[in-house]
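Following the hints, complete the assembly by docking chain B onto the known chain A.
Here is how the chains run, residue by residue.
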Amino acid sequence: MHDNIYIDKLLFQRISEGDEAAFGILFNTSLTTLEPFIRKMVKSPENAKEVIQATFLRVWLSRDKLADIDHPKAWLFKVAANECYTYLKKEANEYRLRGTAAVTADDADTATRRLTLKELHTVIEEAVMLLSPQRRRIYQMSRNRGMKIPEIATELDLSPNSVKNALVFSLKAIREHLRRNGHAIPLVYLIFICR
Amino acid sequence: MQEQRVIYLLQQRLSGNETVEEQEELYTLLEDDGNMEILMAALTDLMWQAPADTAPADTAARTALLQSITGADLTTPFVETVQPMKFIHRLWWAAAIVTGLLLATGLYFLLRPVATMKPVPALAQRYKNDIAPGGNKAMLTLADGSQIVLDEAKNDTLGKQGSTSIIKLQNGQVLYHATGATAPVTYNTLTTPRGGQYQLTLPDGTQVWLNAASSLRFPTAFTGNNRTVELTGEGYFEVAKAPGKPFLVKANGADITVLGTHFNVMAYTNENALAVTLLEGAVNVGRNGAVKKLLPGQQARISNSNNITVTGTDVQEAVAWKNGFFIFDRADITTVMRQLERWYDIEVVYEGAPPEMRFGGGMQRSLSLSGILKILEKNGVLFKIEGRKITVLRS
Chain A
1 MHDNIYIDKL
11 LFQRISEGDE
21 AAFGILFNTS
31 LTTLEPFIRK
41 MVKSPENAKE
51 VIQATFLRVW
61 LSRDKLADID
71 HPKAWLFKVA
81 ANECYTYLKK
91 EANEYRLRGT
101 AAVTADDADT
111 ATRRLTLKEL
121 HTVIEEAVML
131 LSPQRRRIYQ
141 MSRNRGMKIP
151 EIATELDLSP
161 NSVKNALVFS
171 LKAIREHLRR
181 NGHAIPLVYL
191 IFICR
Chain B
196 MQEQRVIYLL
206 QQRLSGNETV
216 EEQEELYTLL
226 EDDGNMEILM
236 AALTDLMWQA
246 PADTAPADTA
256 ARTALLQSIT
266 GADLTTPFVE
276 TVQPMKFIHR
286 LWWAAAIVTG
296 LLLATGLYFL
306 LRPVATMKPV
316 PALAQRYKND
326 IAPGGNKAML
336 TLADGSQIVL
346 DEAKNDTLGK
356 QGSTSIIKLQ
366 NGQVLYHATG
376 ATAPVTYNTL
386 TTPRGGQYQL
396 TLPDGTQVWL
406 NAASSLRFPT
416 AFTGNNRTVE
426 LTGEGYFEVA
436 KAPGKPFLVK
446 ANGADITVLG
456 THFNVMAYTN
466 ENALAVTLLE
476 GAVNVGRNGA
486 VKKLLPGQQA
496 RISNSNNITV
506 TGTDVQEAVA
516 WKNGFFIFDR
526 ADITTVMRQL
536 ERWYDIEVVY
546 EGAPPEMRFG
556 GGMQRSLSLS
566 GILKILEKNG
576 VLFKIEGRKI
586 TVLRS
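Keeping their order, the protein sequence lines are chains A and B. End of the first sequence = 195 in my numbering, gap-free, step of one. End of the second sequence = 590 in my numbering, gap-free, step of one.
Worth flagging that the hints you see were computed from the coordinates, not collected in a lab. Small disclaimer: the values here were computed from a predicted structure and weren't measured. Glycine residues also receive a C-beta, built at the ideal position from the N, C-alpha and C atoms. Among these hints, one or two may not hold up.
Covered stretches of chain A, as calculated for chain B (at least 3 residues, CB under 8 Å) [what the hints assert, rightly or not]:
| id | stretch |
| --- | --- |
| 1 | 23 to 31 |
| 2 | 79 to 91 |
| 3 | 140 to 146 |
A partial selection of chain A residues facing chain B, derived with a Cβ cut-off under 10 Å [what the hints assert, rightly or not]:
| id | residue |
| --- | --- |
| 4 | L10 |
| 5 | L11 |
| 6 | E35 |
| 7 | P36 |
| 8 | I38 |
| 9 | K40 |
| 10 | K43 |
| 11 | P45 |
| 12 | V59 |
| 13 | L61 |
| 14 | K73 |
| 15 | Y95 |
| 16 | H121 |
| 17 | I124 |
| 18 | E125 |
| 19 | V128 |
Derived DSS-like pairs: lysine-lysine, alpha-carbon spacing no greater than 27 Å straight-line [said to hold, decoys possible]:
| id | chain 1 | residue 1 | chain 2 | residue 2 |
| --- | --- | --- | --- | --- |
| 20 | B | K579 | B | K569 |
| 21 | A | K148 | A | K9 |
| 22 | B | K573 | A | K148 |
| 23 | B | K573 | A | K164 |
| 24 | A | K89 | A | K148 |
Next comes chain A alone, as it looks inside the complex (with noise of 0.2 Å):
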């Protein structure tokens, strides 16, 4: 396929490093073949997007993982195929509990997962509030100022190793906020699957 090149080992490194413009790329060039997929697979657009959200969310708040990642398009699927899975299975319990087609159960499930993002998000603020003033400084500065490791390291008199190690720090501190609230974002196991 064509957009093989795009999802490539150097895009990854780049969304490691927090390239939004990297992650965009990665976002629609797979979105070609994803939600076509995702969409006739969870049988509506509003569900496809619940899907594809929960899927990409799950990339971004791992990225700094992803530089080790050896097969990115391979991992991505695989990631895809969790968050498809997971929606079927839902779908399964739900047409055993109510006996009628999941379909149209399909408000109520939209509204709960739109919520979770919500909360998401709320309980991402509280991590990055957790932080150490120096690492929360310098987590926005990436995220909020969108500048680059070097920059970072330069304005803060620090070597661009420990601005680096503070982002991997973190992202980790947040990711493991979200397990705590009940967010999980299991994605070391799908790394070592797909090696």
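What follows is chain B alone, placed relative to chain A:
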């Protein structure tokens, strides 16, 4: 082979031709967690074979979706406090929750402009002097026009008007004590200067906190069918319950009617809108015939156009001043400086256009002005203090 069957069932689903029996069969497979690996493998295989979309994508929808994802970990920049504070964290949580509900994607662009550092004049050159924070200061004007300065008055009965005693308590607050309702009712006015705030207990037991540069006109006894007071500036009310005798606050053309409840009224005329924030109970907010009812946690804002808009809000932010804090949620520099003007009794001028940045977080009102400005400077804005004139330097 079960793998083949799983692939077939998923293909049927993808084609939209699956029968009810096939759907049931897939559901049964899904219920058994032992099938997870087979199902995951089948889903991944089919994904590799999936054809690309021929129809053009909805770019706007995609961009919005992408922004909701990368926006998930954008957080409100925190104004760091000088002293570590447990309390502020609690308040900040409340602010953070509200902020969390409003996705930060828009904020991202607001925060983009970053001040590139020019050589900065030393602090000692820019801060010629310091300014103490405001304190408990007010002036009580009695019906006969006589005035009592409340920060100097001794701790006892300040005066007697008709059957009402005015008592100043240990903590500096003023208490009105009505001993009977036979004497004629007169009106008093409590006025706070810039740099002053004051707490007052009205004859009915209602407690009022008056913020800086504000005033409250009230009767020495509430004898009629309702309890009416007039407010300018900002006040926080904890209204004592009195069945059948509604409490009415008149502020800048708005009427706030309550029974027993806790609420804040911000009616400074140099702010964009009058804001009524309800913490407990229920209030009606009206102006020019329009009336809106508020529920706890809601804020009514009345702009110059007389429209009353009601939204959910962070109540802790609205009453932070009473608890000794400035709390901001993505406030622009002019909003921050207007609050400082009232509390430090300063005049703020801008060297160029006000810098485009937003502030979030909390600071103690007990800090001296230089303490506050140093915190704000960490966000890239610079100030000059000369006497009571503060210049926001061009960044």
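*Interface hint compliance - A/P36 to chain B, C-beta minimum distance less than 10 Å*: At about 5 Å, which falls below the 10 Å cut-off, the nearest Cβ of chain B leaves the hint on A/P36 intact, so it holds.
_Holds or violated: the hint that A/Y95 contacts chain B, with Cβ atoms closer than 10 Å._
holds (5 Å)
_Per-stretch coverage check for the stretch 140 to 146 of chain A, three Cβ contacts closer than 8 Å to chain B_ = holds (count 5)
_Tell me if the interface restraint on A/I38 is satisfied: Cβ within less than 10 Å of some Cβ in chain B._
holds (9 Å)
*Hey, B/K573 versus A/K148, does the alpha-carbon distance stay inside 27 Å?*
Distance of about 20 Å is within 27 Å: holds.
*Does the nearest C-beta of chain B fall within a distance shorter than 10 Å of the C-beta of A/V59?*
This hint holds: A/V59 lies near chain B, its Cβ roughly 9 Å from the closest one there, short of 10 Å.
*Holds or violated: is the Cβ of A/V128 closer than 10 Å to a Cβ in chain B?*
holds (4 Å)
_Given hint A/K40 near chain B, where the shortest CB pair must fall under 10 Å_ = holds (5 Å)
*Hold the hint about A/E35 up to the distance rule: shortest CB distance to chain B must be less than 10 Å.*
holds (6 Å)
*Return the status of the interface hint for A/L10: holds when the least beta-carbon distance to chain B is below 10 Å, violated otherwise.*
violated (20 Å)
_Quick check on the hint: A/L61 CB to chain B CB, less than 10 Å?_
The hint holds - A/L61 has a Cβ within 10 Å of chain B, the shortest such distance being about 7 Å.
*Confirm or reject the coverage of the stretch 23 to 31 of chain A by chain B under the rule of 3 or more residues with a beta carbon closer than 8 Å to the chain's beta carbons.*
holds (count 5)
Violated hints, listed in ascending order, are 4, 5, 24; each of the other numbered hints is respected by the structure.
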